[in-house]
Each structure stands twice: as structure tokens, then as C-alpha cells.
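Novice: Here the protein sequences come in this chain order: A and B.
Here the numbering used here is used: the first residue of the first sequence is 1, the next is one more, and so on.
Here the numbering used here is used: the first residue of the second sequence is 1, the next is one more, and so on.
Everything hinted at is true.
Label-pair distances were calculated between CB atoms; the ranges are:
#1 B/Lys191 - A/Arg148: 54 to 60 Å
#2 A/Ile36 - B/Phe38: 47 to 53 Å
#3 B/Phe54 - A/Phe463: 29 to 35 Å
#4 B/Lys191 - A/Pro367: 46 to 52 Å
#5 A/Leu131 - B/Leu214: 47 to 53 Å
#6 A/Ser18 - B/Phe38: 56 to 62 Å
No lab work stands behind these hints, which were simulated from the structure alone.
Glycine is no exception: its CB is placed at the ideal position from the N, C-alpha and C atoms.
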Amino acid sequence: MFNNLQEFYFFLPVILLSAGILISVTIELYSKKSVISLSWFSVVLFFIVGILSLATIDSKSVILQNMVATGGYVNIFYALFNFTGMIVCLLSVDYLKKYDALFGEYYILLQTSVLGMMLMAAAKDLFVIFLGLELMSVSFYVLAGINRKRGSAIEASLKYFLLGAFATGFIVYGIALIYGTAETTSLDVIASKFIQLSNNLLFITGVLLFLIGFSFKIAAFPFHMWVPDVYQGSPSTISAFFSTGGKTAAFAAIIVSLFALFTSGASKIITPYLSVISVLSMFFGSIVAISQTNIKRMLAYSSISNAGYLLIGLAAGNSEGIAGVIFYLTAYTLMNLGAFGIVSIIESKEEKNLDIYDYSGLSNKQPLLSALLSLLMFSLAGIPPFAGFFGKYYIFMAAIKSDLTILAILGVLSSVISVYFYLRIVVLLYFKESQYDLNVLKTNSGMIALYISSLLIVILGIFPGKFLSIINSTL
Amino acid sequence: MENNLLLTYLIFIPLVGGLIILFVKNNKIALIKNLGLFFSLVAFIISLVIYFQFDSNNSDFQFIHKFKWIEGINVFYFVGIDGISLLLILLTTFITPLTLISSWSSIEHKVKEFTFFMLVLETGMLGVFASLDLFLFYIFWEAMLIPMYFIIGIWGGKERIYAAIKFFLYTMLGSLLMLVAIIWLAVYAGKITGGFTTDFTELLKIAPSIARDLQLWMFLAFALSFAIKVPLFPFHTWLPDAHVQAPTAGSVILAGVLLKMGTYGLLRFNLPLFPDATLILAPYISVLAVIGIIYGALVAMVQTDMKKLVAYSSVSHLGFVVLGIFAITTESIQGAVIQMVNHGLSTGALFLLVGVVYERTHTREIAEYGGIAKVVPFFAFSLLFASLSSIGLPGLNGFIGEFLILLGSFKSGVLNSWWFTVFAASGVIFAAVYLLWMYQRVVFGELKNPKLEKLTDMNSREIFVMIPIFIFIVWIGIYPSTFLNITEKATKKVIYQVNNPINVSNNQSK
Numbered sequence: 001m002f003n004n005l006q007e008f009y010f011f012l013p014v015i016l017l018s019a020g021i022l023i024s025v026t027i028e029l030y031s032k033k034s035v036i037s038l039s040w041f042s043v044v045l046f047f048i049v050g051i052l053s054l055a056t057i058d059s060k061s062v063i064l065q066n067m068v069a070t071g072g073y074v075n076i077f078y079a080l081f082n083f084t085g086m087i088v089c090l091l092s093v094d095y096l097k098k099y100d101a102l103f104g105e106y107y108i109l110l111q112t113s114v115l116g117m118m119l120m121a122a123a124k125d126l127f128v129i130f131l132g133l134e135l136m137s138v139s140f141y142v143l144a145g146i147n148r149k150r151g152s153a154i155e156a157s158l159k160y161f162l163l164g165a166f167a168t169g170f171i172v173y174g175i176a177l178i179y180g181t182a183e184t185t186s187l188d189v190i191a192s193k194f195i196q197l198s199n200n201l202l203f204i205t206g207v208l209l210f211l212i213g214f215s216f217k218i219a220a221f222p223f224h225m226w227v228p229d230v231y232q233g234s235p236s237t238i239s240a241f242f243s244t245g246g247k248t249a250a251f252a253a254i255i256v257s258l259f260a261l262f263t264s265g266a267s268k269i270i271t272p273y274l275s276v277i278s279v280l281s282m283f284f285g286s287i288v289a290i291s292q293t294n295i296k297r298m299l300a301y302s303s304i305s306n307a308g309y310l311l312i313g314l315a316a317g318n319s320e321g322i323a324g325v326i327f328y329l330t331a332y333t334l335m336n337l338g339a340f341g342i343v344s345i346i347e348s349k350e351e352k353n354l355d356i357y358d359y360s361g362l363s364n365k366q367p368l369l370s371a372l373l374s375l376l377m378f379s380l381a382g383i384p385p386f387a388g389f390f391g392k393y394y395i396f397m398a399a400i401k402s403d404l405t406i407l408a409i410l411g412v413l414s415s416v417i418s419v420y421f422y423l424r425i426v427v428l429l430y431f432k433e434s435q436y437d438l439n440v441l442k443t444n445s446g447m448i449a450l451y452i453s454s455l456l457i458v459i460l461g462i463f464p465g466k467f468l469s470i471i472n473s474t475l
Numbered sequence: 001m002e003n004n005l006l007l008t009y010l011i012f013i014p015l016v017g018g019l020i021i022l023f024v025k026n027n028k029i030a031l032i033k034n035l036g037l038f039f040s041l042v043a044f045i046i047s048l049v050i051y052f053q054f055d056s057n058n059s060d061f062q063f064i065h066k067f068k069w070i071e072g073i074n075v076f077y078f079v080g081i082d083g084i085s086l087l088l089i090l091l092t093t094f095i096t097p098l099t100l101i102s103s104w105s106s107i108e109h110k111v112k113e114f115t116f117f118m119l120v121l122e123t124g125m126l127g128v129f130a131s132l133d134l135f136l137f138y139i140f141w142e143a144m145l146i147p148m149y150f151i152i153g154i155w156g157g158k159e160r161i162y163a164a165i166k167f168f169l170y171t172m173l174g175s176l177l178m179l180v181a182i183i184w185l186a187v188y189a190g191k192i193t194g195g196f197t198t199d200f201t202e203l204l205k206i207a208p209s210i211a212r213d214l215q216l217w218m219f220l221a222f223a224l225s226f227a228i229k230v231p232l233f234p235f236h237t238w239l240p241d242a243h244v245q246a247p248t249a250g251s252v253i254l255a256g257v258l259l260k261m262g263t264y265g266l267l268r269f270n271l272p273l274f275p276d277a278t279l280i281l282a283p284y285i286s287v288l289a290v291i292g293i294i295y296g297a298l299v300a301m302v303q304t305d306m307k308k309l310v311a312y313s314s315v316s317h318l319g320f321v322v323l324g325i326f327a328i329t330t331e332s333i334q335g336a337v338i339q340m341v342n343h344g345l346s347t348g349a350l351f352l353l354v355g356v357v358y359e360r361t362h363t364r365e366i367a368e369y370g371g372i373a374k375v376v377p378f379f380a381f382s383l384l385f386a387s388l389s390s391i392g393l394p395g396l397n398g399f400i401g402e403f404l405i406l407l408g409s410f411k412s413g414v415l416n417s418w419w420f421t422v423f424a425a426s427g428v429i430f431a432a433v434y435l436l437w438m439y440q441r442v443v444f445g446e447l448k449n450p451k452l453e454k455l456t457d458m459n460s461r462e463i464f465v466m467i468p469i470f471i472f473i474v475w476i477g478i479y480p481s482t483f484l485n486i487t488e489k490a491t492k493k494v495i496y497q498v499n500n501p502i503n504v505s506n507n508q509s510k
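Bound conformation, chain B alone (with noise of 0.2 Å):
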């Protein structure tokens, strides 16, 4: 297959800008952040590209590069997409020039760093979504919890230092497992093909006929390391930390798109690799899917602070989604990864938005607040947009993959039982609680505080990086076929390889 190069440097753009800037003297701040922006935005021009060139009626993997890596232990640099990681690429090199943008004045210390970090994430991000051999997704995974260390430690909030640490922890814990499983896989493939391999695509002949005990183990040290990123309930503990503590622009990335990264691994790689275990596991975590989407939207509803009130959201939202994807049907892995995609713009919306006030008046506290509706009407109409757009009011987009989500779940006969659907609609009625109680105690009732008499409207800055996200939200709302045509084979084919396994050896599974 001839190599394509152009995923390549979509993933390596970003990071080279990163370089470049580190050679830029500190005090030039201007040209630096300029420096940073134009890196991420040359990558979202290559992403746009390769979208216009993919072809969504070809389930296989596309814009393929591949050679030998490292001789020794037979790995490659493989690169590659199909529908659903397309999506998330967007999705990151949409979100990444926002945020840039949107940190344009409230990061103010160290600000070659931190634009050097942000790109260097972004790497680490598509690097993940694009990797096919284990191996390098798993370097992918790794590297990129180190600029987000320094995100959420350097410019974060007085509690950083836990938060920052807790994030390492957790997710270090989750990925070794991970790490051994995946030798382990390298190890099983080489004892039946006599090559130790980590290749993707030669895994899912391999790895699928393995025997059923050793499979649930495998798949679980994976979704171990998925779970504690997306977070499922109950690996869910650190993120309320991080993103509390994270600036702005790092909770918009974090809620963006690092939490996908779980969700799309679950999707990508336990899915097809460990059908027999998917299909018996798949009631469980779809029974703690339900829990978190229950829970994170109770907790949601108590908190003082607006950005926890997010945070705890995003536990809700994401449960929706891990409930689409072991419902294993059509519709709700459609739904599943066209929520990934909702949730990035919607809660992103949601946390610049309280950034937005945070960088005025320094306190997130809801009761600090309360009719600020006539003194900043741009920011009590963005305010209410993104709140109806992640409460998943029809003709937004939250609606379609809530829908869809719902309605794979009632169907899916691997769950069999309406129960599943039933509580997680309630997740539904409960997120318009919270959300909406929060607005109509920041934005209506008097201007009691002050303080707030002064507080400025959105500038015409903070309104531009609004724009974009709100035009996708209704795309995705009135006409999502967009963006679902590009999911479909991608899809269909996961769903065909859970329920057609390769028993390429039944002899040696028993």
C-alpha cells in the first residue's frame, strides 16, 4: 500500500512549532503566541484537507503511513484513519486554536511554555487518534500526560499541585496495565505467527481467538486504562481535581478532547480485539456507565462552583457515551462518538464561558453571582446556548447523540433490558435541572453583588471563539448526516467484528 504522508505531518506540525518557539526569546510574547496559533491553525487546514480527501463509503483504514520503527521488537510507525478517528481529529485541531485564543490575555506568566505545551499536546492527541500499532498509541498515550502535567501545575488554581499529581497517578496506573497487556498480545501473536508484533491489523486476526479467561483479563487491564480517562464511574475521583484546578484553556482540552481519548479507546481497541469478553462485560460497564451518568449529574446538581457544576457534568455526559458503545448497535456507537464530538464543543463552550467571568471577577462561586443578565446580555445568551446544547435540546446538537444513544440501548440485544435506557433518559431530565438552575441563579433574579454592576460584556475576542463552536453546534443539531455518513462504515464494521470474532483456533482457545 502506497505510503500517505499527509497524517504524518498533521501529527508532527504542531510539535515542530512547539520547537520552534522554544527558540523564541522569552519577552516577545506577541510573537509567540502569533507563532502558536498559526502552527495550530496550519494543522486544522491539513485536517480540513484530509477530510475533503477521505472517503466515507471505504471502511478500511485510510491515509495510511507506515515503515519499521524499531528493528528489534518489530514495530512500526503506523499511522492511519477511518471515520471515527477522522472525527476526533477534527475535533482536536478545531479545539486547540480556540483555546489558544481564548487564553490570549489570561495567561500571562510564562507564555512560551505554556503555548509550547499546548502544542505539544496537541500532538500527543492525534498521535493517539491516529496510531495503528500498539506500541506507538501507547508512547502516544503516555507522552501526552506530560504536557498536561505542567498545564494543570504551572497555571492552574491554588490546589494544582494535587490536582496535577492525582491526574498522573491515576492515569499512569490505568496505562502500566495496560502496557503489559499490550506485551502480553505482542507475545501471544508471536507464539501463533512466530513474530512479535503490535501491528493493529494483525492483532485483530490474532487477538480474538484467544481463550475466554484470558481474554476478560486482557480486557480488562485495557479498560482499566480507558475507564480511569474517561472517567467511568468509579475511576472518576480525579477529574473534578484537574479540572477545578486546570486554567481555562486546559479544562476545554481536557473535557475536549483528552477524556475522548478513553472512549475512542474502548471503541477501537477492546471492542474488536476481545469480542467474547466485550460481549460478556459489556451489561456490567454499561451497568456502571448508567451509575455515572446518574451520579455525575447528582453531584453536578449540588455544587457551589460552576466549574465543579461542569466538571461533574462531564462524568453524565461521558457515561452516555461508554453506554453507546457496549450497547453495540448501530445507532448507539453512531450516537456514541457523535456525543464524544458534542460533549467536546458543549462543555468546551461551557468552561471558556465560565473562564470568561472567572477572568473578571475571580470567583466561580454561583452564589456570587446572580442577575448579571442585563449587564452582560452576549454572555447570558452564550451562556444559555451552551447550556441547552449539553442539556440536549432538540435542533442542538446535544439531542442526536442522546437520542441516538437511547435509542441504540432500548434496542441492543446484548444489553436486553429497557432498564438501561430508562435510567439513563433520567440522566437526560436531571442535566436540564442542574444546568438551568445554575443559569437562572447566575444570570437572572437581582444584581445583588456590587461588584458585578462593572463587569464587562464579552469582548469581541471571547464572542470570535464562540462563533465557531455554536455554528457546529446547530449543524450537528439540524443536519447531522454530516457527520454521521463519515461514522457509518467505520461502524458497522466494529459491530460486525464483535459479533463475528475469527475463531481462527478453537483448538487452542479450549
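Here chain A stands alone, though its shape is the one from the complex (with noise of 0.2 Å):
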């Protein structure tokens, strides 16, 4: 299978999580208080295989009968979803109380996602993107209907299946037309084969489907139906978790399958069709948002707009709309693990304090909570001198690059759009009153979490240069 010592090393980071998957099966079967110890292992193994990804991310080479690609860019991803997947564990500890869905495979589930996910990023061949895409989905179907009592975690769980299976239906439609048109899967031969391609109808359908596919699992518009739904049906844990893991993974995906595309220039052809649904989604995104009052609603929607500014980086199709993807995806992924942290932390029993009316004069009995809500909340919204700022700046400016000044003008504007609704959430925190006694719970793993994503989001805020350098190396 491996060729020698050294493929095997650098294809680590997946074989250690595929270990850990395998003892935490174990653990499960033999151990009564499996749930405790399973959620501690996973925070262990994600965190070693995040930190071993980082550390071997010169490693860049091509392995395994060139199926998968490893270092570079591809273990900054590693280290991304494993980083998100340690924050859901430790936010998950204490939420699963609350709901009594104390359930091992819950953790396990985790894994095999996270493994889906860093197949899709790796990949260097359309059957595994597809091996990682489902590994991945299914995982995610079952962990939207963890909480089998609660009926609209079940209408989450279908709802998600179905329409899921569809867009999949839609991707290997696409692969299967792009194999019968270029006579192969491998992913380089088809890039070094895709100027002369391009005149053949069937393929560039193929490829059409294969990105519309994965539209719906981005939620970019107009495939986004289901994301409300599942985001409010799922548990809040795992709705911060397909927001960010879930997202970040379908844009490995495009980015390694059409990568030779983006820095060759002849991403043209699909540049209209990327321009279009990215402004579509951040304007639906952002003006729908507005009328919502359930916050997993709301922050569902804004995952939509967001989808909206990461087409950008795509559709301007060089380096540095790329770089800007990934900048943009990690300040995402450290801000909507925050902020669905923190609704996880603040609902209670039953689906409660799930009103964005709940939040009303936080501020006066949860000083920390509220002050860090507001700071994701600005980072959300664009402000600087926090995350989210910088990503946007990035990818409006590898846009401007591309002379396609049109869509940051867009973008700019539907960012003033959600300054409205993010801000909200803060004139609820500090200039209401409230009207009831918030019972909160704070606990210890559930706070690490949020210290965690927040400090990164200043970090990455203020000193933006050192990690952007790390991804410009990599491209």
C-alpha cells in the first residue's frame, strides 16, 4: 500500500484518526460510562491530530497511487477541521446533559465526520472527494437526529438526508459525465486536460453539476432550503459544527478538484455561474436574516451570506482569492463555533432561551458571555480590527485583482445589510432590560471553547500576516 516509510508518515494525521476511531468503537463497546470518557479521548485525539497536521505541513507530496495529495494546504485544512472538531467535543460535554442524549456514538460520529472531511480535503481524485463526501454526510444525517425524542431533531434528520442525497445525486451525476468526457478520475489529468475540454458540452455540464452539488452543501442560494430547518432541528453543538466543519469541508473540496483551474486562469467558464449564486446568497442571506427571531434561524442565514463572500474568493479565481477562502474559512469556522457556543451554553431544557428576545439585558447578569458574543458578533459583521474583517478585506481584494470590483461593491453592501441583524443581538445584550431570569449554566469546557476562538479571532484580527503567510506558502 505505501510505497515507503516516509508516504506512511506523511499520510499520519489520517491514519491516527482512523486508529482513534477504531478505539473509540472499542471504548464504547466495553466501557458503561463511555460518554465521559469518549468526549475526553475525542478532545485528545482531535487536538494531536490537529497539532501533528500543523507540524508536518511541509510534507507536500502526492501518495497512494497519486489518490492522495498531503502537506501544504491540505494540512491546514487537517488542522482546521480538527481544531473545530475538539471545540464541538468540548461544548458538547455539558450540552448533551441538558438533553439526557448521553450517547458514545455521538463522539464516534464526530470522528468519522471529521475523517469524511479530511478525505474531501486530500483528495486528488473525484471517487475520493466522493468516499470522503459520504463518509462525511452520513455521519451528519445521523448526528442531526442524535437526539432521537425530540421530533424536530427527526424532521431535521430527513430533511437534511433528503435533500442531501439529492445534491449527491447531483455530484456523481457530474463525476460521471466528467469521467465519460475526460476517461479518468484522476483530478490532474482532468485539470492538464480541461482547456481542451472545455468546448465539449457534456463536460463542462459535468463539472456544473458537480459544483451545484456542492452548493447545497456550502448553502450557498438558491440550494440553501434546508439549512434553517437543519440548523434549528439539530442540536446547537452539531449545528456549529455543520456551519463550520461541514461548509469548510465542501470548499476543500472545490478548491482541490478545480485548484489547477483557479491558478491557471481558465476558471473563466465558471466564474459567472460562481459570481451569480455568490451574490444571490449574500444578498438573500443577509436581507432574510433580518425577520429572524430564533437565533439558530438567524445565524443559519448568515451562514448563507457567508457562503455568498467565500464564492467571491472563488470566483476571482487566483491565489489570492484562494488564500483568502481559507483565511475567511478559518475566521468563519472560529466564529460561528463562538457563537453557536454560546447559544448552546445559554439554552436550557426543552428548546428554551432560544428567542433572540432571551438575550434581552444579558449583559447585567452574564457580563463575559455578553461581552464575548458582541466581539464575534462585530467580528460577524465585518468591523475590524477582529477575524472576520480581514478575511473579507482579502477576498474583496483578490476580487478587485481579478477586475471583478463589481462583486466587492456588492459584497461590501450586503455587509452593511447584516451590520444590521448582528447588531441587534447587541442592542438586545446591552441596551434592553430583561424581562426574566436567565438561568445559564456556565461550565468550565464549555468557556475554554469560547476563550479559545474568541482570543483567535483577535489574534487573527490584529496579526493577520504570520498565518496568512503560512497559507500563501502553501498555494
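Hints are included, so try docking the two chains, each in its own frame, into the full complex.
Specialist: Below, the structure written as C-alpha cells:
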């Protein structure tokens, strides 16, 4: 399987996580208090794999008979997925107790979905992308409905499954058409043939179907219908995971499969498609979010609008665009983990305290949580000096460099609209008086997760240079 | 060039102070207030040191501190000042401690947060006036919205939420378009010199050669952002709301310093970066400025709320500043800069005085007052003094600024019409009408409202706040050279840059 020990070493993050999954299954089988031990085992596992991925970032190579890439930005994605997994585990420890949903499978499914994401980011072959995608998606469908006593969770799970399967159908059909015309599933070979194949209608249809399928996964308009319901119905920690890890993985898949296009400038064929759904997503998400009163639905629409900003980076079709997308995905992951994290801490049994008006006057009782949530909202709104601002800046810069100034202008206009609903949360927290007492159980593990995310948002906002140069060096 | 860290210390001392205050316990209110005052005074002292070391015969930027901040996009931490920014920095460090003293007793809840936001705000304002990298400038410009938003929203009046959101959204809309323009400029610079840059001194060499049509767009994107901040008619509608709802300290900072960031931006960035567009658009913007002067004055005249009256008078006064800037003569621009300071002093004083009586009576309706001259003689005198300064009585500061602006706009070759001066001058007369009329209704007449009989006069703390402001009002009025000397070289340089755009590449622009 491996040609030499070095390949094995390069592939170690994936192997380690797979081994961890097998160990977790064993723990689940034989331990009675598996939930507690599994939660901490997962935190440690994700942490180690994440650090290992960053440590082996220089191991740039293609291994396993040209199936899988290692090193470079692939490892940045690895680290991001594992970091997301770790934060979600930290948030889940006490969240699951609220719903008596103490299932060991929960953590195992988190691990398998992260494994799927890693395969998507590492793929050098359409089959590997599909393999990773299915591993991730199937785990997601189960996770959405893990709390099987709640009707809304089951509804979310079913909806997610039906639409997700539909989207996968698009992707598979796209892959079939690409294979039929390019006579290969290797991404490198397809990339080298891309220019000559771009006159072939079947091939372009295949690429578009492939993109449409992933447009579902990144929650872009008009393929977003599942997002609000699924985010609202799933457990809050899982919504955090869907909106960050799931979206990042789908973007990673688009980037790796079309990377050669973006860097060779041949992406002009798909730029119109990307631009159109990008603008529609931004405005649709921002405008509809204004009318939401459920905070999870609001964040779901914000997630749609953020998919739009990220698509600008892809539409730009240059290496700055890719770097901007990776940077913004990181910032967005931190921001959404924080925001959903706070939601999960404030949420109480029976899905209470999820209305934005429940947050009124929270700053008097919970000054720290309010300050952190405000910071996250300002960052999501793209106000400096936080990471969200810099991510947007870099993406807009990439667009202007590609003479897509109009996309940047539309992007900032949509930002202004989105400021309204992000700031409404701050208004409620600080400028309104509380209507009734809110019992908030702050837990250590949850707060640690929030501190890490918030601190990184500030650091990445003020000193983005270091991380940016790491990203740029891998492209 | 050698780095001088003084300016960096000045900018970040208030922020450091604010962060330290966050760690003080909530109930130690006296300690928090004293610490806040202490850090703002330290900033004031540093700014004085800078003032004494400043060489006003040198038209280059001084106290430069520059290092690479963000590698990937070639952004520098680059601060430095010339005479224009120095004057505004002094204004900022001068006003901030005074507002902290003035809110000693009027801010009762969340004192810690208030002091923190005021200090963060000061860092933001100083950063805006000192930044010489457009990216850095934008960071300060936007980040400053957050503390001001909280100051209006938490400690403001009844409609504070509406006012805070309106303030935020308006400013944000303008500045995001400026952001696109900044990136566009940086990318353009990259195409010409091969290096993406937001360094202001580098862009000065490149931007004037942009083709005229594009320059117009760039100019408008920058100007919209600044015009909203000034606020120039017709972008002023956020101002009365924000002013009336903000607490006294917020209004003073807003009028005293924040509005100047708009006029400063026009002068610092729009004029030298886009000279062709400036010369084309100057008459149009001046028309808006003159409309603002008259409109603001007329609307101020019919206000029944004292604070709203002062707020609309700001629209009128800032109209003068914008007219001065776009008349593009040495006199008018120097007048504009001095008028920025004047407006900060006299409108700041007016807001403070309105705050003084509001704290006692909890009403700002002019009709509720009358005949308080005998009850509160100190207040009556201070209000008269501040009003006269705002009207532009010769011998006080307002006269110098307005006179220079009117003189400059009359001579202006760019505007080339004395109608601007005629209409603007009418604004001076209107100012006398609305301010003196208000004064008459509030202070003179019979004491009808029985509640006012027990009105207590200004206490020593409130008088102490007024004295330094009044000293400068007289100083500028009698001996303006102290201040005009500082700005003279910088002003001449701006005018030179507008009239002699460096045509590096005529071919490229065609």
C-alpha cells in the first residue's frame, strides 16, 4: 500500500484519526461510562491530530497511487477540521446533559465525519472526494437526529438526509459525465485536459453539476432550503459543526478539485456561475436574516450569506482568492463555533431561550458571555480589528485584482445589510432590560472553547500576517 | 528615517489604560474615574511634548513610526503627523479629559464600561489623525464606531437605540465603499509599480495619475464616507438623532472630535490623492456646503430643544469648514482647520452647558426655561460666552475661522464666484439669530417655572471644566498666529499638491 515509510508518515494524521475511531468503538463497546471517557478521548485525539497536521505541513507530496495529496494547504484544512472537532467536543460535554442525550456514538460520529472531511480536502481523485463526502454526510445525517426523543431533531435529520442525498446525486452524475468525457477520475489529468475539454458540452455540464451539488453542501442560494430547518432542529453543538466543518469541507473539495483551474486562469468558464450564486447568497442571506427571531435560524441565514462572501474568493479565480477563502473559512469557523457555542450554553432544556429576545439585558447578569458574543457579532459583521474583517478584506482584494470590482461593491453593500441583524443582538444584550431571569449554566469546558475561539479571532484580526504567509507559502 | 515612538505611545496609552480599568472591580467607582482621568491626562501631556518638539517650518510628516505590519498585503504600521493633524490631535487629547470630568456625576451606572469605552474611543480618534497607511487608517476609522455605538446606546436618552443603530449603519455604509476604493487604489498601485501598497506617501506619487473618470469614482467613494461623517448636507440626518440621544460626554466628543474626522479625511486624502477630481467637483461640493450652512441655521432656529438646536448649528458650522477646504486657497484651508478646532471648543462648551442644566432639571425644552440669569449667574455668563464664540464675535475664536474661510472663498479661483461667500456669510447672521434668541428665552425674561427657583449654579467642577475651554476661545480669538503657524506649511503643501498633480504617466491615463 505505502511505497515507503515516508508516505506512511505523510499520511499519519489520517491514519491516526482512523485508529482513534477504532479505539473509540472499542471503548464504547466495553465501557459503561463511555460518554465521559469518549468525550475527553475525542478532545485529545482531535488535538493531537490537529497539531500533527500543522507539524507536517511541509510534507508536500502525492501518495497512494496518485489518490491523495499531503502537506501544504491540505494540512491546514486537516488542522482546521480537527480544531473544529475539538471545540465541538468541548461544547458538547455539558450540552448533551441538558437533553439527556448521552450517547457514545455522538463522539464516534464526530470523528468519522472529521475523517470524511479530511479525505475531501486531501483528494486527488474524484472517487476519494466522493468517499470523503459520503463518510461525512452520512455521519451528519445521524448526528442531526441523534436526540431521537425530539420531533424537531428527527425532522431535521430526515430533511437533511433527503436533500443531502439529492445533492449527492448531482455530484455523482457530474462525476459520471466528467469521467465519460475525460476518461479518467484523476484530478491532475482532468486539469491538464481542461482547456481542450472546455468546448465539450457534456464535460462542462458535468463540472456544473458537480459544482451545483457542492453548492448544496456550502449552503449557497438557491440550494439553501435545508439550512435553516436543519440548523434549527439539530442540537446546537451539531449546528455549529455543520455550519463550520461541513461548509469548510465542501469548500475544500471545490478548491482541490478545481485548484488547477483557479491558478491557471482557466476558471473564467465557471466565474459567471460562481458570481451569480455568490451575489444571490449574500443578499438573500442578509435580507432574510433580518426577519428571524430564532437565533439559530438567524445564524443559519448568516451562514448562507457568508457562503456568498466565500464564493467571491473562488470567483476571483486567483491565488489571492484561494488564500482569502482559506483565511476567511478559518475566521468564519472560529466565529460560528463561538456564536453557536454561546447559544448552546444559554439554551436550556426543551429548546428554551433560543429566541433572540431571550437575550435582552443579558449583559447585566452575564457580562463575560455578553462581551464575547458582542465580539463575535462585530467580527461576523466585518468590523475591524477582528478576523472577520480581515478575511473579507482579503477576499475583496482578490476580486478587485481580477477586475471583479462590482462583486466587491455588492459584497460590502450586503455587509451593511448584515450589520443590522448582527448588531440587533448587541442591542438586546446591552441596551435592553431583561424581561425575566435567565438561568445560565456556564461550564468550564464550554468556556474554554469560547476563550480559545475569541482569542484567536482577536489575534488573527490584529496580526493576520503570520497565518497569511503560511497559507500563501502552501499555494 | 529614524522611528519616533512618541506618537505610538500617545495613541495606545488610552487603550492600555482602558484595558487596565477592565481589571478593576466594578464597585471601586472613584478609582475607575481617577484612573480614566489619569490616563487621558497622560495622553494630553504626551501630546504637549509632541507639540513642543514639533517643527512647524517643516512641511513633511514628523514623528514617524513605521514598520511592516502585515506581510502578505504589504501593510505598514505607519503613523506620522503634520501641522493639520497635530492641531486635531491636541484638540482630541484636550477634550477627552474634560469630558471625563464633566461626566463625573452624570454617569452613574456602568461607570467602568463608560470609562473603558471613552478611552478606547480616544485611541481610535488619535489613530485616525495619525495614520499614514490607508489600511491602518481604515482600521481606526471603523473600530472607533464600536465604543461610540455603546456610548450612545447604553448611556443615551429615550430613543438611544434608534440613534445608535442609525449612526452605525450610516457610517458603515459610507466607509465600506471607501474600503473598496482603498483596495482598488492599492491594486492600481500594484499594477504600476509592481507592489500592492496602501502606504499614503507612496500612493501620493501614483494616485494623481489615475485617469480622470476613475479619479471621479475614487473621489466620490472617499468623499461619501467623509461627507456622512462631517456631516455634509444631505447626509446629515443621523446627526441630530445621535447628538440628542447621546449622553453629554458623547455629544461633546461627537461634535468636538468625531465630526472633524470627516473634514480631516477630505483634506488629508481627497484633495492630494485625486487633484483632477477635486478641481472638477469642488464647486458642487461647495454648493452642498453652502446649502448646509443655511439649512442647518434655519432648522436650528425653529428647534424647541436646546441640544437639537446646538446639533443643527453643527451642520451649519461644518458647512463652513467644507467650504473652506474646497475653496482651495491658503486662507480658506487654514481657516477651515482653525474652524475645526473652534467648533470643537465652542460647540463642546455649548453641549457641556446644556448638560449642566439638563442634569438638574431633566429637560432641554427651551420653553421650560426663562429668567434664570439671577438664579444661576455663572451659568448665564458661560452660556453667553460660548454662544458668542459660536456666533463668531470678533475677539473670540469663531470670528477668526469664519473670516478666513469667507476671505479665502471670495478669492478662490476654483470656485470663481462670490455668491458662495455671500450666501455663506448669511449663515453667520443666522447663527447670531438662533443662538441669541435661544439665550434670550432661556436666561432672560421672567422666572415663570417655579422649579427653576431652586436651580443650583455650576459647581466648582463644572466651572473648572469650562475655564480651559474659555482660555483657548480667547487665545485663538486674540492671537491666532500660535495656531495658524502650525498649519501653514502643511496647508501650502496640500494646495501645491492639488494644483500640481504629478503627471507621471500621461499616456496611461489616456
